[in-house]
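Chemist: Here is how the chains run, residue by residue.
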Amino acid sequence: MNREPVQLWVNGASVVVPAGASVAAAIAQALGVGASFRRSRSGTPRAPLCGMGVCFECRVEIDGAPQQRACMTLARASMRVRTDD
Amino acid sequence: MTESYDVVVCGAGPAGLAAASAAAAGVGARVALIDANAHAGGQVWRHDVRRDGARRSRAAFGSAVSWYAESQVVAATADELLIERPRGATRLRYRKLVLATGARELLLPFPGWTLPGVYGAGGLQSLVKQSWPIAGQRVVVAGSGPLLLAAAALLRRHGAHVVGIHEQVSARRLRDFGWGLARWPKTAWTAVALRTKLAGVPYRCSEFVRAAVGDERLRAVELETPAGLRRIDCDYLAIGYGLVPNVELAEVLGCRLVAGPGRHARVAVDDWQETSIANVLAAGEICGIGGAATASVEGRIAGLTAIGSRREAAALQARQRHARRFAAHVAAAFQLDPRIHGLAEPDTLICRCEDVPFGALAAFATSEGWDGRAAKLATRCGMGACQGRICGAAIVELGFRAPTATAPPLFPTRLSSLTEPFATTSM
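Going down the list, the protein sequences come from chains A and B. Residue numbers in the first sequence follow numbering that gives the first Met the number 0, run continuously in steps of one, and reach 84 at the last position. Residue numbers in the second sequence follow numbering that gives the first Met the number 0, run continuously in steps of one, and reach 426 at the last position.
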C-alpha cells in the first residue's frame, strides 16, 4: 500500500491528508469543525451522520460527478471536491 | 461483463471474511468476496489510517478468494448479482450466495439531530479511523449499549476530549448485566479493559439526550438526567441506540424475515445458516445483532455449508449457540427507555432526505396503527437517497409499521449500471 500523503482540492483550497483517508475527512480538515457538506431540500446544513455509506448525508461533488458519498470514497491525488454553498 | 463463481459472499466484515475463507478451503471452489468499501474488515475491523499504519489488517482472506472492493450490489436474482463498481457494472453469477451484509446504527430522531456535529457513535468512530480530525474536540457520547464504550475509547485515543458518556440504562440494570458477563469471561475482560482506558471520563447512567442545540452547527446538548435537564457545551455528539440488521438485499431475494429481539427485521436461518431460499445463506448481524465473535463463527458455518462440508460446520454449532446466548443477554440489558421514543416534536424531521417532519406523519395514524404506504406517497417519507434506511428503522423503532418493502435498485445507481443486464456479453 502506498503510504505517501495525498493532496487534493476542496472547494478550490488545497488539503493534504494521510493515505487511506476518506474524502469526508479531507473536507472536515479543509472546512473545519461543524462544516456543512450539503444543503437539504429545505436548505438546512448537513454533514455525515452514519459514517458508513447508509444515510447519504455526506453527498458531495467529486471530479464533476454529483451526489457521491464522501465517507465511502478514498481521497486520491488531485481529486476535486465541491460541497454545497 | 459476467463472472461465474461457486460461492459469492456479500460483505467483508467478520462474517463475510470467515465465510469466504472457509469456502475457499474447498477443493477447486471458486469464491468471490464483495464489499462496498475499499478495504475489507467491515465496520468493526476497519483499518485505522493514523493508528494502525502499515500494520497487517485482521481482515485477511486467502489468495484463492477473488476480491471485489468498492462494489455495491444494486440488484439480485436467483443466480445473479448486479454490482456497481467505480468503473462500471458487473454481473456475478453464483451457485451459492452468502449474505453477510452486517448492520447499521439505530439513529432516532430528536430536536436538532440534523445539525452538523451530530454523528452516529459508530459513525464517528468509522470517520475518525479514516483520518477525520478529532483531536482537541469536545465530544459527548450518548445513547445505549456496549458500543458507546468502544467509541469513546477510540475517540480518546485520537485525542478527542470525551466530556462524558451518557447511557440511558439504569446503573442497577448495568450492574446486573455486568454480573451476567461471568458466563463470557473473555467479553467481561474486554469491558474492564475498555473502562480502564476511559479512566477519568464520567460515565453516567439513566441519562439521555433530549435535544441538540445550535444554529448552523452543534453548540450544546440538553440531557435528561435523574436530577433534571442539564446542558453541556460540546463540538460533537456521538450518539447510538444500538444496531439494526441490513436486510435489504435478503428481502429483495425473498428470504424469510422475522422480528426480534426488538422490533427490527432479521433474516431467518436454520442451524446451517441457510435462509428460506435454497441457495442463499446468511451469517452475522443480519441474522440478529450478535457482535463480531458470533459473526465469525456463523460466517464459517455458512462458508462450510456452502461447499457441502456439513460435518465441519456441525462441529461449530455449539460455539455458535453460546455466542448467540451472549447476544440475547446484551439485547435484554439495553432495552430503550420509552421516553426516548417520544423525543421527536411535530417539527422534528423524521426523513432527513426529503425533510419530512414528524407532524406530517401523524396524520396517517389509523385505528389499526399507521398507514405507511399512504404516508410515503403523500409526504415522500423514505423516498430519498437513503431509501428509507434511516427513517424506516426509526419509524419501526417508534412503533409504527415500516413505510414499504424494499425494491431494487438497492442504492442510487448510475443509469449505465442498470442497462448492464441488457449489454451483450462481448462488451
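Don't read these hints as lab results, they were simulated from the structure. Be aware that one or more of the hints could be misleading.
Unchecked claim - Sample of chain A residues lacking proximity to chain B, with all beta carbon distances greater than 12 Å (derived): (1) 10; (2) 20; (3) 27; (4) 33; (5) 60; (6) 77.
Unchecked claim - Computed footprint of chain B on chain A, listed as stretches where at least three residues anywhere in the stretch have a Cβ under 8 Å from a Cβ of chain B: (7) 11 to 19; (8) 40 to 51; (9) 64 to 76.
Here a beta-carbon is modelled for each residue, glycine too, at the ideal position from N, C-alpha and C.
Chemist: Looking at residue 60 of chain A again, its CB stays over 12 Å from all of chain B?
Modeler: Per Cβ check, residue 60 of chain A is outside 12 Å of chain B; nearest 14 Å; holds.
Chemist: Are all C-beta atoms of chain B more than 12 Å from that of residue 33 of chain A?
Modeler: violated (3 Å)
Chemist: Far enough from chain B: is every CB of that chain over 12 Å from the CB of residue 20 of chain A?
Modeler: violated (4 Å)
Chemist: Could you check that no beta carbon of chain B comes within 12 Å of the beta carbon of residue 10 of chain A?
Modeler: It holds; residue 10 of chain A is separated from chain B by about 15 Å at its closest Cβ, greater than 12 Å.
Chemist: Between the segment 11 to 19 of chain A and chain B, see if three or more residues pass the 8 Å beta-carbon test, and mark the coverage as holds or violated.
Modeler: holds (count 4)
Chemist: With d taken as the least Cβ-Cβ distance between residue 77 of chain A and chain B, does d exceed 12 Å?
Modeler: holds (16 Å)
Chemist: Does residue 27 of chain A really sit off the interface, with its C-beta more than 12 Å from all C-beta atoms of chain B?
Modeler: violated (5 Å)
Chemist: Taking a Cβ-Cβ distance under 8 Å as contact, does the segment 64 to 76 of chain A have three or more residues in contact with chain B?
Modeler: holds (count 4)
Chemist: When I compare C-beta atoms, does the segment 40 to 51 of chain A have three or more residues closer than 8 Å to chain B?
Modeler: holds (count 11)
Checked against the numbered hints listed earlier, the structure breaks hints 2, 3 and 4; every other hint is satisfied.
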